[in-house]
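Peer 1: Got chain H; can you put chain C on it based on the hints?
Quick note, the sequences are listed as chains H and C, same order. Note that full-length UniProt numbering numbers the first sequence so that position 176 is 176, with each residue one more than the last. Note that full-length UniProt numbering numbers the second sequence so that position 117 is 117, with each residue one more than the last.
If you're looking for bench data, these hints aren't it; they were derived computationally from the structure. Hints are supplied without guarantee of correctness; some may be wrong.
For identical chains, the list gives no copy identity; a pair is met inside one copy or between any two copies.
Derived pair list, reagent style DSSO-like, types lysine-lysine, alpha-carbon separation capped at 27 angstroms [stated by the list, open to error]: (1) K90 with K351; (2) K54 with K90; (3) K357 with K39; (4) K351 with K114.
On a predicted model such as this, the values are computed, not experimentally measured, just so you know.
2 protein chains.
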Amino acid sequence: MAPKGLDYEVLNENVKKCQYAVRGELYLRASELQKEGKKIIFTNVGNPHALGQKPLTFPRQVVALCQAPFLLDDPNVGLMFPADAIARAKHYLAMTSGGLGAYSDSRGVPGVRKEIAEFIARRDGYPSDPELIFLTDGASKGVMQILNAIIGSHNDGILVPVPQYPLYSATISLLGGSLVPYYLEETANWGLDIDNLRESVRQATFKGITVRAMVIINPGNPTGQCLSEANLQEIVRFCIQEGLVLMADEVYQQNIYQDERPFLSARKVLMNMGPPASKDLQLVSFHTVSKGYWGECGQRGGYFEMTNIPPQTVDEIYKIASIALSPNVPAQIFLGLMVNPPKPGDISYFKYEQESKGILESLRRRARIMTDGFNSCRNVVCNFTEGAMYSFPQIRLPPKAIEAANKAGKHPDVFYCLKLLEATGISTVPGSGFGQKDGVFHMRTTILPAEEEMPGIMDSFRQFNDGFMEQYEDHQGYSRL
Amino acid sequence: MAPKGLDYEVLNENVKKCQYAVRGELYLRASELQKEGKKIIFTNVGNPHALGQKPLTFPRQVVALCQAPFLLDDPNVGLMFPADAIARAKHYLAMTSGGLGAYSDSRGVPGVRKEIAEFIARRDGYPSDPELIFLTDGASKGVMQILNAIIGSHNDGILVPVPQYPLYSATISLLGGSLVPYYLEETANWGLDIDNLRESVRQATFKGITVRAMVIINPGNPTGQCLSEANLQEIVRFCIQEGLVLMADEVYQQNIYQDERPFLSARKVLMNMGPPASKDLQLVSFHTVSKGYWGECGQRGGYFEMTNIPPQTVDEIYKIASIALSPNVPAQIFLGLMVNPPKPGDISYFKYEQESKGILESLRRRARIMTDGFNSCRNVVCNFTEGAMYSFPQIRLPPKAIEAANKAGKHPDVFYCLKLLEATGISTVPGSGFGQKDGVFHMRTTILPAEEEMPGIMDSFRQFNDGFMEQYEDHQGYSRL
Chain H
1 MAPKGLDYEV LNENVKKCQY AVRGELYLRA SELQKEGKKI IFTNVGNPHA
51 LGQKPLTFPR QVVALCQAPF LLDDPNVGLM FPADAIARAK HYLAMTSGGL
101 GAYSDSRGVP GVRKEIAEFI ARRDGYPSDP ELIFLTDGAS KGVMQILNAI
151 IGSHNDGILV PVPQYPLYSA TISLLGGSLV PYYLEETANW GLDIDNLRES
201 VRQATFKGIT VRAMVIINPG NPTGQCLSEA NLQEIVRFCI QEGLVLMADE
251 VYQQNIYQDE RPFLSARKVL MNMGPPASKD LQLVSFHTVS KGYWGECGQR
301 GGYFEMTNIP PQTVDEIYKI ASIALSPNVP AQIFLGLMVN PPKPGDISYF
351 KYEQESKGIL ESLRRRARIM TDGFNSCRNV VCNFTEGAMY SFPQIRLPPK
401 AIEAANKAGK HPDVFYCLKL LEATGISTVP GSGFGQKDGV FHMRTTILPA
451 EEEMPGIMDS FRQFNDGFME QYEDHQGYSR L
Chain C
1 MAPKGLDYEV LNENVKKCQY AVRGELYLRA SELQKEGKKI IFTNVGNPHA
51 LGQKPLTFPR QVVALCQAPF LLDDPNVGLM FPADAIARAK HYLAMTSGGL
101 GAYSDSRGVP GVRKEIAEFI ARRDGYPSDP ELIFLTDGAS KGVMQILNAI
151 IGSHNDGILV PVPQYPLYSA TISLLGGSLV PYYLEETANW GLDIDNLRES
201 VRQATFKGIT VRAMVIINPG NPTGQCLSEA NLQEIVRFCI QEGLVLMADE
251 VYQQNIYQDE RPFLSARKVL MNMGPPASKD LQLVSFHTVS KGYWGECGQR
301 GGYFEMTNIP PQTVDEIYKI ASIALSPNVP AQIFLGLMVN PPKPGDISYF
351 KYEQESKGIL ESLRRRARIM TDGFNSCRNV VCNFTEGAMY SFPQIRLPPK
401 AIEAANKAGK HPDVFYCLKL LEATGISTVP GSGFGQKDGV FHMRTTILPA
451 EEEMPGIMDS FRQFNDGFME QYEDHQGYSR L
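Just chain H, with the same shape it has in the complex (with noise of 0.2 angstroms):
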């Protein structure tokens, strides 16, 4: 009989062949094993409120109010809601054509890009146009519009550094396109080698490849490290040099847990060079409620900004997003408030400052409790997370260890994450997840977890750790690097 339309055998091969870790084969073991009761700690995903962050009061007030307008009229509110917050609910639904809701443009509220792109001048100190800012329903799916719009066939690269977040090659994936790595240097604190970079985009074009555009992650994902102004600088006359769109992935701007490499943005980088190079450059920047000390990942709110792309290919860009109508419009106030928060003077300036810097200063410091935990630990390397949410260890496995996985049918470091996660409740990503270079073994968790339970954490870490190593270590030959 022949096959059905949603039959497996059927399915566009691009959805089968797509890989996404971050909820793969570890993730649907750890949530099969909380249903039988185990207390899992998911580490798997930057997911802050799921582990107990507390969201920013004042947004929620704004927002809450937001949804329920008619709370403005009643003689009670002031009894519930500080002033301000009433007085920016009035503010954004002033903004809006029907409130919350009501579909808005296809890009998001006019007033709310405004204040974005007032943000981002304050920030980088160079005027943006909010005509080229589009809201959307998180980061991930800005990503996926701008993906769609540069990849037509399989010819069609995609830089992407290696490790990397996985919707890049899923999404690379899904579109049919190439994804051309380029690697970053572990030794080198995950930095960036431009003649790594001129000799993938060699091997790819050998392959008929044409590379189009080039990602970077800044804070890195999974790698966690803050690039610096002359890295950047490299990277912009690369692409420039290349023809390259530079898509700036910078959701964990305000993630940084040291003070020598503050956050600089590409777009930044890119004006400070000046002509010709600040008219050159094809950039598009992206930015989310769902990370820095917001958190707000279930609200689904993201932006990207775009810099000296042609009006003709904003419009096409336009054009696809009016397809899904407009992103969530609840989440588009959250974007308004995190561009424009509390300012000194405000009623409620004190506590956002308060509740913020201290959920900063908290993930500051358990970056560090994580990276020295990883390396007291046998067999285990880290770089020290400078920023975004993330550490990623190197995990050493002895032969006998690879050895084992491979009997089990599995990738040495998939092997080595689902045995942590049934001994210890701990759900990680497996360095395969990210990519690695060949015969290196990674994982990736998140630095989320609470911060009184972070001792805990890592002491039940070392306990499997040492314990995994103690097995399938072979005693005579190999030993710490």
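Peer 2: Same frame as chain H, now just chain C:
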């Protein structure tokens, strides 16, 4: 010089080919006129709150409390929120792990999916499995996910009604598939003739296209008809014979304006048919919070339910959904509330009933006012809007008007709708955006303008239309049919 990655000439050809008239030329011109200060009546898109429809109070209270859960600890909460809204907010918060700020499972919050399954079981009289219900950022996103799984190349065809809602044509273009049209019969109140379907499939097969799925929109968009049980049974049998997935777009299931043909879900009809049919047909059904008496478009909440889809395929769809992590969580709560509204005896029941009935009864009156209004105009004929949110009158354009349109380089119905917009501020969508038979012209308008403004709008339309006809009619040859 070689083109850059986002230069128009090298963009994904499928992106360029895509057309989406609902926010196309007419909408863009209307937005321009609005900026210039003209009063625009946006009837181009089913966006009730933008035209003044008030949100239902109870769901907004619940979601506001979920956004600001700290209010639940405020001693004054009872002054501003009824006890059942407070209880319901606690109920939904307990279902999430981390509140509205945490990513949910990529398929949606399990507890909400369970409530949806219970609703479907009550509605249809057959049990539904929550594991086969996936929540999405609006029904459009769900449709796109399913089409993405089905379409692998331009040889994959999708049967789509003409006239259709252009989400389908646009998405099929974007994915590089083939739209296989089947015509609805205007003279039979937009009914569907199975022989036409067979002929469409035959022609597609002749061109080397494998038809994989069939779309029905019930109640119809833009055509407003409600399908009968007999017609749905024929469709089911046809899809089974041809091995097609039936995609049932049922987003207007609450919007019914006559009593002869209540809404019947494709699933209920299928289950009523019993085995083997009920085990054979691959069915995906779509629903949303954007339509009905809810009209919560801006929240972006929808779901799809899968029937008889192989588990391996369900896993693939889950994997793809997980790349963008999760649908927005606030809209998931709205979905829960939509399928599980206040019950008799609840504090908020009376108000909820009053509000929802008020909206629905007014829509029913507006459907009548609008259809009657169109039918009283020169050279305009319009089937009654049995359901959904649109009127789709046929405009019998005189040959001279068609000539003038050709001269202006416009499709004749675009020409007409642009003139209407400039003269009256009424922003509609030309029938060519939905597909229609050659030489026949329509426009689509929503029935959503406020009821008190409706007579004025119809007067203004009539004045424009009759003047237009006067101007272009050949007083010898052409006359009212």
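Peer 1: Have a look at K90 and K351 and pick one of within, between, both or neither, based on CA distance no larger than 27 angstroms.
Peer 2: both (21 angstroms within a copy, 25 angstroms between copies)
Peer 1: When Cα atoms must be at most 27 angstroms apart, do K54 and K90 count as within-copy, between-copy, both, or neither?
Peer 2: The answer is both: 25 angstroms in one copy and 16 angstroms across copies each meet 27 angstroms.
Peer 1: With 27 angstroms as the alpha-carbon cut-off, assign the pair K357 and K39 to within, between, both or neither.
Peer 2: The answer is neither: 30 angstroms in one copy and 47 angstroms across copies each exceed 27 angstroms.
Peer 1: With 27 angstroms as the alpha-carbon cut-off, assign the pair K351 and K114 to within, between, both or neither.
Peer 2: within (26 angstroms within a copy, 38 angstroms between copies)
The structure shown violates just one earlier hint, number 3.
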